[in-house]
Amino acid sequence: MQSNQTFADVFKAGGVSRRDFLKFCSLTSVYLGLSPSMVPSVVAAMEKKPRTPVIWLHGQECTCCSESFIRSSHPTIEDIVFNLISLDYDDVLSAAAGHQLEDVRRKTMKDYKGKYILAVEGNVSIKDDGVYCMVGGDSFLNTLKETAADAAAVIAWGACASFGCVQNAHPNPSGAVPISDVIKDKPIVKVPGCPPISEVMTGVVTHFHTFGTLPELDRFGRPKAFYNTRIHDKCYRRAFFEAGQFVRSFDDDATRKGWCLYKMGCKGPTTYNSCSKIQWNGGTSFPIGSGHPCIGCSEPNFWDKGPFYTRLAEVPFLGSDSNADKIGVIAVGAAAAGAAAHAAVTAVKKAKSGSEDNDKA
Amino acid sequence: MGRIIEEIYVWRLPVRLYHWINALCTVALFITGLYIAFPLFNPPLGEAVFFRGMSWWRFIHFAFAFIFIANFLFRMYWALFGGDKYARFGGFRPWSPSWWGKPFLEQVKSYLFLRSDEPNYVGHNPVAALAHFLFIFCGSSFMIFSGLAMYGENNPGGFNSVWFGWMIPLMGGSYTLHWAHHLMAWIFPIYLIMHLYAVFRHDVVDRTSVTSSIVTGYKHKVEEEPA
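Which chain is which? The protein sequence lines are A and B, in order.
Going by the numbering used here, the first residue of the first sequence is number 1, and it counts up by one from there.
Going by the numbering used here, the first residue of the second sequence is number 362, and it counts up by one from there.
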């Protein structure tokens, strides 16, 4: 491992021309939403700063974040792993294994104390001291606490690390919690999504490397550059939404015409992500572009907000699945029945007292 | 029926105007809100640019929402600074145990047929005051705050998103906020039924002309019929 190399050194050693290097810097600035005047800062950071060491831990997850990450097209996975970040520890991508790899993690933690980025994929099982997620001979709960202690900042990759995802959906058998429930004293940037968009992932890393700080975050701790607007706001089918032209069945003519998927349960209007902007797999498409409603995978607890194909979430109510409208109609009916019953009693009492009065008279 | 022995001016013009604007807005908001959640009509055929199938309903909903908010704020002003004996918060003190005491219990008992006579109030009785506080004050406040938070989602960093956007993480996300706004909307038809029933019933039982009082402003005391 060659430490203290700058990005520019690595590019040069790899035979990348100065022109291509500057192209890369410009592209990265664009993805970060920076103004053109900031390109020199990106170039300077790439030339002067040593590569940022990254420790990438895996907890309870499906590795879809890594799968997304290795499909990044700007820059490509080869650039990232060999040239951009110094990915010192990653139990999925590392060549080493076992004790050898765990030693690397401890060495990095010691050598770059307070300087490395801790990237976490997956969430933490805290039930029964975390025995439901054992990695490298220890519970993931302990490993995470130990590694987070000396990190400069923490990146929560994906819906799991950010909000919990499917593991902490009801009934959450392993007591899974997002990493922000375990790490309280470090700045955490949440990059939710199942998985997050690869360019968003590399953009966050580059931002930290360039400025030495975390990107500006929203109320949920997500970088505003990528999670400031809803899918709906940038959706190319928005015109059909406003016009009231909706797909009503997956095999109707409207589907072929590519109308709005709102009535098919699309969660685009309530989902903050860049899918309709950056898209996936190098800008090939995104779910709505392929005719499927957004399932809101970057929103907190999206598994419990189902079903995916209807607008109103089901509410467990007295043991039965219902929705807001059903509950509302039942409550209104109950109020009307109550009023009618009350009126009947009033009438009976009035009639009674009236007849008594008449008797007296 | 007995002779009218007293005419009392209870609901002043601002209160009556508030009432009817509020009633109109609530009905319009409920109907347009349901439509937005479930756009019922058949989609128009042709180029999207010529149609307002959804944006029109949304526009009506937002327009009535802002009238509703302005009306609500006016009513708050009137309650606090209007100096109106029958339209202020004055006697409403649910935090104090004494408020839940005799007058409240008497009214509850009367509604539950545990008392034969009806306590008589010129303004709101304690049970009505509590219902208005829960349904109209708390309910409207929630609908206004959650509504403005959702409205602010259109323009991140704008006024509504800065001042009301905290509702989104509070409710656990934008979707849950929409859902809560939708569920809470149903308290208004429930309230409407109870409100209309209570008014009609009081009119029949007490004969204080409470129903017409919200148009004319006057309630009446009538002479007891000779036994």
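Any given hint could be a false lead.
To be verified - As a list, the in silico PhoX-like pairs of lysine-lysine whose alpha-carbon atoms are at most 25 Å apart:
(1) K470/B x K277/A
(2) K224/A x K234/A
(3) K446/B x K352/A
(4) K470/B x K12/A
(5) K110/A x K127/A
(6) K224/A x K107/A
(7) K463/B x K446/B
(8) K326/A x K349/A
(9) K446/B x K349/A
(10) K582/B x K352/A
(11) K446/B x K582/B
(12) K470/B x K350/A
(13) K127/A x K48/A
(14) K110/A x K224/A
(15) K127/A x K107/A
(16) K234/A x K186/A
(17) K224/A x K113/A
(18) K582/B x K463/B
(19) K48/A x K145/A
(20) K127/A x K224/A
(21) K582/B x K350/A
Bear in mind the hints are in silico, worked out from the structure with no lab data behind them.
Just so you know, these numbers come straight off a predicted model, no measurement behind them.
* To do: Taking the numbered hints from earlier one at a time, note which ones the structure violates and give those numbers from smallest to largest.
  => As far as the earlier hints go, 1, 3, 4, 5, 6, 8, 9, 13, 14, 15, 16, 17, 19, 20 are violated by this structure, in ascending order.
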